[in-house]
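Protein chains in written order, with this note's numbering: chain A, 1 to 288; chain B, 1 to 356.
Everything labelled a hint here was simulated from the structure, so no lab data went into it.
Worth double-checking, as some hints may not be accurate.
Straight-line Cα separation of at most 25 Å, DMTMM-like style, residue types lysine to aspartate or glutamate; simulated pairs [said to hold, decoys possible]:
1) B/144 <-> B/197
2) B/341 <-> A/272
3) B/341 <-> A/277
4) B/344 <-> A/38
5) B/344 <-> A/272
6) B/236 <-> A/277
7) B/236 <-> A/233
8) A/44 <-> B/343
9) B/341 <-> A/54
10) A/44 <-> B/268
11) A/44 <-> B/305
12) A/226 <-> B/240
13) A/44 <-> B/340
14) A/226 <-> B/277
15) B/236 <-> A/272
16) A/44 <-> B/240
17) B/236 <-> A/284
18) B/344 <-> A/54
19) B/222 <-> A/272
20) A/44 <-> B/299
21) A/44 <-> B/277
22) B/230 <-> A/277
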Amino acid sequence: MITMPVLQTELLDLLYELHGTDVKLIIGGGFGIYLKTDYVRRIKVQTLLTQWPEPRSTNDLDLFLRPELLIEPAKLKPLAEAITRLGYKVVKGAEKYQFVKPGRGGDKAGSIKIDILTGPQNRFEGTSVRTDSRRARPNPSVGIHAHPVDEALTLEEGLLSVFLDEKSGTGGPMHAEVFLPQPYTFLMMKLFAFRDRIDDTDKEFGRYHALDLYTILATTIESEWKQALRFRDRYRDDSHVVEAGRLVVKFFSSLDSLGMIRLRESSYYRLELQLGEFMSAMQELFPA
Amino acid sequence: MPTKKEMLSQLIRGKIALSPLSFRFLEGQLEINGNRRLDALVEASWRKGKVKFAVECKPLSTPKAFQDGLNLLKISRLRKGYSPLLFLPFLNERQLEELEREGISGIDMCGNGVVVVPGIFAVFRSGGKNRFSSSAPIKNIYRKNSSMVGRVFFVRSGYDTVQEICLEINRRNLLVNSWNKKPMSLSTVSKALKTLEEDLIITRKDTICLLQPDKLLEKLVKNYTPPNIKERLRLKVLEDRGPLLELLMNLSQQLDTPLAASGLSSVEKYAVMQRGDMLSVYCPCLEKLLKLLPGSQTDRFPNLELIETDDKTVFFDSRNDRDFWWASPVQVYLELMAGDKRDKETAEQVMSYIFE
Chain A
1 MITMPVLQTE
11 LLDLLYELHG
21 TDVKLIIGGG
31 FGIYLKTDYV
41 RRIKVQTLLT
51 QWPEPRSTND
61 LDLFLRPELL
71 IEPAKLKPLA
81 EAITRLGYKV
91 VKGAEKYQFV
101 KPGRGGDKAG
111 SIKIDILTGP
121 QNRFEGTSVR
131 TDSRRARPNP
141 SVGIHAHPVD
151 EALTLEEGLL
161 SVFLDEKSGT
171 GGPMHAEVFL
181 PQPYTFLMMK
191 LFAFRDRIDD
201 TDKEFGRYHA
211 LDLYTILATT
221 IESEWKQALR
231 FRDRYRDDSH
241 VVEAGRLVVK
251 FFSSLDSLGM
261 IRLRESSYYR
271 LELQLGEFMS
281 AMQELFPA
Chain B
1 MPTKKEMLSQ
11 LIRGKIALSP
21 LSFRFLEGQL
31 EINGNRRLDA
41 LVEASWRKGK
51 VKFAVECKPL
61 STPKAFQDGL
71 NLLKISRLRK
81 GYSPLLFLPF
91 LNERQLEELE
101 REGISGIDMC
111 GNGVVVVPGI
121 FAVFRSGGKN
131 RFSSSAPIKN
141 IYRKNSSMVG
151 RVFFVRSGYD
161 TVQEICLEIN
171 RRNLLVNSWN
181 KKPMSLSTVS
191 KALKTLEEDL
201 IITRKDTICL
211 LQPDKLLEKL
221 VKNYTPPNIK
231 ERLRLKVLED
241 RGPLLELLMN
251 LSQQLDTPLA
261 ASGLSSVEKY
271 AVMQRGDMLS
281 VYCPCLEKLL
291 KLLPGSQTDR
301 FPNLELIETD
311 DKTVFFDSRN
321 DRDFWWASPV
331 QVYLELMAGD
341 KRDKETAEQV
351 MSYIFE
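So that you can see chain A by itself, here it is in the shape it has in the complex (with noise of 0.2 Å):
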């Protein structure tokens, strides 16, 4: 397993070659949790629960682009061109949204894997990105496309600014900006990531996103859960809203629905975590 020091050298890597360029990148994802983890520790702030779990190990950069990015895609073209450059592949099936770069000796263990994803499909309406429910698809191509997330409605709002400071792979010191999504938004990803996996053989990934919404409240300051209980004002009618509600009181309701047995079933889950809490939370942000 890939460890968060070596995702977060790959990551000042891409950002390097990206240095003076229009991209800017939304972290989502276990990376981007962890990141969240560590800005909130480091600046030390009330946060919605006082007891964290361990960071989860992860693989992936989930890499959210904003869909101006996609509409105007001349500005995307370096992004294409950096993951080429630092030995990234594609993914067979999810070319142009998907790649990898193999471990040493081209384990897959070891392997990164970027995932290049976007805002809502209604947000590409009247402009030249075409969209299907897997792939956003720049025009002219410029050999990279997103995967929307419907869910994601919020993408663009609340985003958190944090700078990454450390000694690129490639290149000399870098102190680079990177946006983590609003906890609202991560919220309303993992639910349905949550839901999309309740029906697999292997329950770790259900696991893994229990635990991720749990992380991504515990670190919730002040100011971000306002903010999410005024997009939960705003958006109650949006379907996405409506079915999280209805997910939240399927699966985080009490102690022996799926989503919270997951979350205690997770390698992560300690005693001491707040789940009380945490599932008084769910519901007063996703009311059914």
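Given the structure of chain A, go ahead and fit chain B onto it with the hints provided.
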């Protein structure tokens, strides 16, 4: 715990053994060093081997009793042909090892012992269960109220009298001064001091002095139990810490109700560590306070936690700073040591403060 008479009686009747050795009583009190007497002479035997011992018997198994007995045997000039032997109700493994290092034999009434006579015997036996576990008058002096007797030695390491210690303990307790809680009695202080002395934590000669601060702190940590909490409420009151502290102190005076920040909320007084934005405060009675406190109860980003407890230890030795009462450094240390890895790391800074 047996009396010395009972112990010697067992020895006389041949009831004490350290398999495969047996002991035979030879004679009673033996004068040494002019006036001090050892308690008995015995003969240990196994097959054809026989060795005579001068016995020092102590009817207690405390660290002090052990150390006193060992010291006496080390300085005693024994009759020719006699080896020293310490006899206690119980000897633990560490004590047996120490005896072995010092070249002094020891036996107990639980089947443990070390008897080493070069060229004749070499027996080391441990693991026998203590049949005489301590029945000190106060079950555990490092826990709850009686722990304040130990804690007061971190305020000042020496006192002239027991009364002085008792006065200091009660003077430093907010609940005694401002809440009419029963003060600690002189007899409780005296009993706790006896155990502290037996555990070699304090010494009582001309004055009563702290001997081993590190051991005392270790014992307090090991035996620490959080206060009994009747109620815990979280509120959102005012945005800033300063006005909040002022408001709380005004209410405390108005209602004649003591308030003190918890150990975890007092960390920054003694160490470099920023806790969260929430202030946790101990209070013996919340009812009146809640009536006058503006704000609402919430689990979402509260800035005030009120903990109802009348546990005297959390108020003991509170320190006043900028018109607010903060937990004592010892209370802070104990709460940090009961926390996670990061808290324990911070506790080291507080320990340095305590030992300064």
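Hint-by-hint comparison with the structure:
Annotation: proposed proximity of residue 144 of chain B to residue 197 of chain B holds, straight-line Cα distance about 19 Å (limit 25 Å). This hinted pair checks out: residue 341 of chain B and residue 272 of chain A have alpha carbons roughly 14 Å apart, not beyond 25 Å. Only pairs whose Cα atoms come within 25 Å are accepted, and residue 341 of chain B paired with residue 277 of chain A is accepted, the gap being roughly 23 Å. At roughly 20 Å between alpha-carbon atoms, residue 344 of chain B and residue 38 of chain A fall within 25 Å of each other, so this suggested pair holds.
Distance hint between residue 344 of chain B and residue 272 of chain A is fulfilled; the C-alpha atoms sit about 17 Å from each other, no more than 25 Å. A distance of roughly 16 Å separates the Cα atoms of residue 236 of chain B and residue 277 of chain A; the hinted pair therefore holds under the 25 Å criterion. This hinted pair checks out: residue 236 of chain B and residue 233 of chain A have alpha carbons roughly 22 Å apart, not beyond 25 Å. Taking the CA atoms of residue 44 of chain A and residue 343 of chain B, the gap is near 14 Å; set against the 25 Å cutoff, the hint holds.
With a C-alpha separation of about 12 Å, the suggested pairing of residue 341 of chain B with residue 54 of chain A holds against the 25 Å cut-off. Restraint check: the Cα-Cα separation between residue 44 of chain A and residue 268 of chain B comes to about 13 Å, which is no more than 25 Å; the hinted pair holds. Among the hinted pairs, residue 44 of chain A with residue 305 of chain B is consistent with the structure: their alpha-carbon atoms are about 19 Å apart, no more than 25 Å. For the hint pairing residue 226 of chain A with residue 240 of chain B, the CA-to-CA distance comes to about 18 Å; that is within 25 Å, so the pair holds.
For the proposed pair residue 44 of chain A and residue 340 of chain B, the alpha carbon gap of about 16 Å is at most 25 Å, so the pair holds. Proposed proximity of residue 226 of chain A and residue 277 of chain B is supported: the alpha carbons are some 16 Å apart, at most 25 Å. As the CA atoms of residue 236 of chain B and residue 272 of chain A are separated by approximately 24 Å, the hinted pair is consistent with the 25 Å bound. Using a Cα cut-off of 25 Å, the hinted pair residue 44 of chain A and residue 240 of chain B holds, with the two alpha carbons roughly 16 Å apart.
Using a Cα cut-off of 25 Å, the hinted pair residue 236 of chain B and residue 284 of chain A holds, with the two alpha carbons roughly 18 Å apart. For the proposed pair residue 344 of chain B and residue 54 of chain A, the alpha carbon gap of about 17 Å is at most 25 Å, so the pair holds. In summary, the hint linking residue 222 of chain B to residue 272 of chain A is supported, as the alpha carbons are separated by about 21 Å, within the 25 Å threshold. A C-alpha spacing of about 19 Å is found between residue 44 of chain A and residue 299 of chain B, which places the hinted pair at or below 25 Å, so the restraint holds.
Between residue 44 of chain A and residue 277 of chain B the CA atoms are separated by roughly 9 Å; this keeps the pair inside 25 Å, and the hint holds. Taking the CA atoms of residue 230 of chain B and residue 277 of chain A, the gap is near 20 Å; set against the 25 Å cutoff, the hint holds.
Consistency with the previously given hints is maintained throughout, with no hint failing.
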